[in-house]
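Just so you know, the sequences run in chain order A and P.
Heads up, the first sequence is in the working numbering, so the first residue is 1 and it goes up one at a time.
Heads up, the second sequence is in the working numbering, so the first residue is 1 and it goes up one at a time.
I should point out that these hints are in silico values taken from the structure, not numbers from a laboratory.
Misleading hints may appear alongside valid ones.
[Claimed, not checked] Quick list of the computed label-pair ranges, beta carbon to beta carbon:
no.	chain 1	residue 1	chain 2	residue 2	range
1	P	A23	A	E20	44 to 52 Å
2	A	D48	P	Y20	37 to 45 Å
3	P	I112	A	F212	29 to 37 Å
4	A	R200	P	G121	48 to 56 Å
5	A	K43	P	V113	15 to 23 Å
6	A	K43	P	N98	35 to 43 Å
7	P	L80	A	E17	21 to 29 Å
8	A	V231	P	A78	19 to 27 Å
Even for Gly, the Cβ is constructed at its ideal location relative to N, Cα and C.
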Amino acid sequence: MPKPRVLLIIPCLNEQESIEPLLIEISSLESNYSTVVVDDGSKDCTYDKAINLSPTIRLLRNLGIGGAVQTGIKYASNNGFDFCVQIDGDGQHPPSEVSKLLSSYEDAPASVVIGSRYLFNDSFRSTRARRFGGKAIAWSLNTLFRGCNITDPTSGMRLMDRKAIQFFSGSYPHDFPEPISLAWALRAGLTVKECGVQMRSRRNGQSSIVGFKPIAYMLRVLGYVFLARIVGSKSR
Amino acid sequence: MHSSLQTVVIVSIFALCYLYFTARETARQQLDIYDLIMLSTVAIIPSVFVLFPMFAEWTAIVSGVAFPFVVMFGILFAILFTFIHRLTAKIHRLEHNNRLLIQEVSIIKSEIVSASKQIKGNNSEGRTSEK
């Protein structure tokens, strides 16, 4: 049986400090993962550093994380990859953990495999507001969608199989994409599961979701998840 | 009940000017014909209420409100809300299409860049082997 082709999608914005070490780390792995860096309109040298080490798509305008990830998914679809794995360009997601997602898929296939920070890992700590927000979103997904048991809906590390690649290349949320994409996938009948992974603290930069933003984020996501459940999402 | 001459003159001048400017913009294709119809109601409805006060009175009685102007503003609000709803949907559709275009163009551009890199590489390899 031929080895599946795996693409690592690395969305990034102004990650000139971390993108190079991340790509070097990926190339040093024994697994032959392909990579595509999606530069979401960086103002620094991210593109110049990435293009020397990996195929890189520079978006002509900043589209946000959803637009950047969907561009990578479209690239995976156009180039016939079997799996794509989204990992952050800030170095929070160790590339060595990708093999855990693949092993989890092999054990029990699901269209989307989320790399969970909380599953079998009590050591991971984020701010109280973010934990509360994440729990509320997970609760809403688990309550509204039957058979769903998610602990980390906001994780940006996730594996998608061909079915999910096909689905998300057609429609992918641009606002709060991680949790809402799960709701859309579940609504469309795709299967979602989790696998415990270790994550690092970001090498550089700061999260954009700080202060009261996690609460606003949570409320808006809950609204979108609820709407996805009751009226569904139509691919445009 | 009747409208005063001043009211008729002011509302008529407003209606004519407004219709003229919106028609002119439509002719220049800055607005589409649907927008012209929706926006011109802002001029037409007050004119109808001023020029035909008995009709205004009748609509107030039929709809069970005390004053005709309440009916007039109700109709205007309904039309404007419809217009704004349509406009919002249109903006989001355009935004979506714009996003798709940016993605497709960016992917094609990256493919061109990698293809030209490959061609350059092949050419330099060819030159080296010729030597």
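Verification of the supplied hints:
Range check, A23 of chain P to E20 of chain A: Cβ separation about 60 Å, and the 44 to 52 Å hint is violated. Distance hint check for D48 of chain A and Y20 of chain P: the Cβ-Cβ separation is about 55 Å, which falls outside the suggested range of 37 to 45 Å. The hinted range of 29 to 37 Å is not satisfied by I112 of chain P and F212 of chain A, whose Cβ atoms lie roughly 44 Å apart. With their beta carbons about 35 Å apart, R200 of chain A and G121 of chain P fall outside the hinted range of 48 to 56 Å.
Separated by about 20 Å at the C-beta atoms, K43 of chain A and V113 of chain P satisfy the suggested range of 15 to 23 Å. For K43 of chain A and N98 of chain P, the hinted distance range of 35 to 43 Å is not satisfied, since their beta carbons lie about 21 Å from each other. At roughly 50 Å, the beta carbons of L80 of chain P and E17 of chain A sit outside the given window of 21 to 29 Å. A hinted range of 19 to 27 Å holds for the C-beta pair V231 of chain A and A78 of chain P, which are about 24 Å apart.
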